[in-house]
Amino acid sequence: MMTRVTSIAVHTFKESVRERVLYNLLVFALLMIGAAILFGTISVGIEQIILVNLGLSSISVFGMLMAIFIGIGLVSKEIERRTIYVILSKPVARAEFIVGKYLGLLLTLLVNTAIMTAGFYGALLYQKRGLGLNDLLPLGAIYFILLQLAIVVGLAVLFSCISTPLLSAVYTFCLFVIGNFLSDVRWFGQESASPLLRGLTDLVYYLLPNFSDFNVIAQISHGQSIPGYLWVSNSCYALLYVTVLVSAAILVFEGREFR
Amino acid sequence: MLAIETIDLTKDYRTGFWRKRYKRALDSLNLQVEAGQVFGLLGPNGAGKTTTLTLLLRLVFPTRGTARILGKSFDDISVHARVGYLPENPYLYDHLTPEEFLNYMGELFGLSAAERRRRVGELIERVGLAESRHVPLGKFSKGMVQRAGLAQALINDPEVVFLDEPMSGLDPLGRREVRDLILALKAQGKTVFFSTHILSDAEALCDQVAILCYGRLQGCGDLHKILGLSVSSTELVLEDPAPAALAELASHAASIVRTGARVRLEIAQECEVPKALQIALQHGIRVVSLSPVKMSLEDYFLAKVAASPGSTTRSES
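Sequence order for the protein chains is A and B. First residue of the first sequence? That's 1 in the numbering used here, and the numbers climb one at a time after it. First residue of the second sequence? That's 1001 in the numbering used here, and the numbers climb one at a time after it.
Looking at chain B on its own, in the form it has when it is part of the complex:
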């Protein structure tokens, strides 16, 4: 079952003093996110990640296209009852304590007083704000505000959680906790749709990723398939080879890097691998490792970003 589907979703913003020019923030986005998955929307700053999220939540309106969330049109705000959302750098009510704030959010979902009490207590513990439950949010650090923001996104026990840059402003410990929280949500069968430009987070969490650049979808798919798709080269690590052997090996390797006693050879052509290995064995060199070098998410991301055309700006005629 699809949790989120966008069809030709497009957004133009008016710019300029007379607002007669258009800047395309999102261009014909077609995405399908299966229920229960962790989906990462990746892209550099200004790629259209936040625009996608705000479109899905009807905070801005599309120029063209539509979307469906949990089988319902995104126009139908009743679907918001089954959705949670953490905006980027959330601003919460400074005068409220986390308890009061979460209680207010619970009221907006129509939760009963007993249910609110239970959920608020549970979430405050879960995001690590138990010690600060009576401190006004205005006195919170950025990381603590982020935690309170995460708690409000989960107050209704949502089926789909939208998180806009959830790790932003968090220290390594906080990032680890958010990662664990996302994985726990996945284990509960929730769909998590999050935007990030921190690739290690996406690599650690996502089942699927989509890469946006200048508002256009550059690539989308199963993360493990993407990363397992191409073996860019083979890495051969040898223990202290003799200079003569190394000279012989040089013709088969694209690069040779010595680190201490070890030498790392990068072999670009697959057919060169047995030849290099044979030379090493003939010279009695100890082979430390032989491994294929797979494309990292960063390599994939950079390749996609580099291949993307520039932004689209058009003037109204």
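Pulled out of the complex, with its shape left as it was, chain A reads as follows:
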């Protein structure tokens, strides 16, 4: 079973690294990180804050765009191009296919995030002319970005099993944006006098992916470290949410027919 999942994941990785859009986004991300040095030079006294803030934000935004652009076509492209016929006629369970596809894209994003991280540290090294222990702090933010990306990929794979690539992109992007403001949505509900609205915002808060706690870029750029509980709670939340999303994708895919 693991051999087949690994094989599908490696093939997915090889396929997605051939996507031109990936390289365009990567170049843009590296340019943005490079531009952060420039912005730093015109911001007297807060050069490093600007660089860390802009650099990590670029990694987050471009990572998310990569996850959406490649993730949405992951399953639907196999169905559209009918390569799925060849794969599912082999002794490959549908669940293995979905898990393999998910892991393949995650691997792609991991490698790209590593490249963007290297670019970020290159920029930091250029600006500071040396790195200290404190400069390891952004790695925590990058870990949280990766956890977010793992959830976004899960969303993209789920929507890719249900809908067209365009709609999948719209749904995934919307959920990513909503997910970043979920705490505000809940606060709005709690401030309301209407119990219906309160219940509704609570439901949305618990049902949709909540990315609010994953965004620690502001703290990191000001040199604050991430509290220990956040490492555990974010890791567990991401693991749980990804498990639910991938299981839902498998459930949908198990019932799909390929005519």
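Worth flagging that the hints you see were computed from the coordinates, not collected in a lab. It is possible that some hints are incorrect.
[Unchecked claim] With a straight-line cut-off of 30 angstroms between C-alpha atoms, the simulated BS3-like cross-links for lysine-lysine are:
1. 77(A) <-> 1020(B)
2. 1023(B) <-> 77(A)
3. 1304(B) <-> 77(A)
[As the list claims (entries may be wrong)] The following residues of chain B were derived to be distant from chain A, with all beta-carbon distances above 10 angstroms:
4. 1010
5. 1037
6. 1058
7. 1060
8. 1197
9. 1207
10. 1268
Because the structure is a prediction, the values reported are computed rather than measured. Every residue gets a Cβ at the ideal spot worked out from N, C-alpha and C, and that includes glycine.
Please arrange chain B on chain A, whose structure you already have, making use of the hints.
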């Protein structure tokens, strides 16, 4: 031993905007295919051939009925390890070379690296892609893609091979090669189950055929028995008969066709044959040939298709 068995296999597709109507694509299909045979599933476009194959491979799910492949339920995907499948007009991974593609397919079967290397090399040679082994599949012609598709269907050395329109898109040479490949598979004891609407291919290859029309099985059986079943008429060919003799013969023949010096008489009634022959001999006409006209697969096919009722469409009440 039965290699494939379908029991009451039925498939309805939902159609219409609200998906409340049903179109029956396959209706209570009961088939039995012995191991080691070449079995042809024939039928016009939309007859349910591809539906049958996709049902057997669990790409679509039956509305009713079941099937067994190599003695196992078709629900059990472990049976796919002993099966090969070529879809109709296969779409393969454009960015991969045949070698990479076949290697990937081999991995899905859990073949070892050494085994994959051996099988991939062997199959690339066998389907005639040796020259293009490093060319991406996206640059292949339709015929070459078909060859690569055939190779992937055989990567696991399957006991049963399902081929959906394997000759489609191939030039005469390619078709001949696929025919030879199917016969070679048969010689190795494999079961080949293929769909086609090219009757000459079926006639040349199949031990058994089934004819589907509008999702219903119209006929099934041993090809040689089907074709040998009925002698529709007798053909008498004579060399340059005199007009007087021909006039005498006309009352015994259903049709007379002259081609050059030869005259071909089609005699519908068997009892008329000795009489016509006697007249010819009395007039001293040279008899070129006397042969029974057997039903061709095309005649059988057309008779079955013509006899089939229209498609079944029912609405959900």
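Non-interface claim for residue 1060(B) versus chain A (Cβ beyond 10 angstroms): violated, 4 angstroms
Beyond 10 angstroms from each Cβ of chain A, as asserted for residue 1058(B): violated, 7 angstroms
Proposed proximity, residue 77(A) with residue 1304(B) (alpha carbon, max 30 angstroms): The given pair, whose Cα atoms are some 40 angstroms apart, is violated under the 30 angstroms limit.
Least C-beta distance from residue 1197(B) to chain A larger than 10 angstroms: Fine: 18 angstroms to the nearest Cβ keeps residue 1197(B) off the interface.
Interface-negative label, residue 1207(B) against chain A, beta-carbon threshold 10 angstroms: holds, 24 angstroms
Chain A versus residue 1010(B) - minimum CB to CB distance exceeding 10 angstroms, so not interface: holds, 14 angstroms
Distance rule for residue 1037(B), whose beta carbon must clear each one in chain A by more than 10 angstroms: At about 21 angstroms from chain A, residue 1037(B) clears the 10 angstroms cut-off, so the statement holds.
Pair hint outcome, residue 1023(B) versus residue 77(A) [Cα-Cα no greater than 30 angstroms]: The hint holds at about 27 angstroms.
Minimum Cβ-Cβ distance from residue 1268(B) to chain A exceeds 10 angstroms: holds, 46 angstroms
Residue 77(A) paired with residue 1020(B) [C-alpha distance capped at 30 angstroms]: Holds - the C-alpha atoms of residue 1020(B) and residue 77(A) are around 28 angstroms apart, at most 30 angstroms.
Checked against the numbered hints listed earlier, the structure breaks hints 3, 6, 7; every other hint is satisfied.
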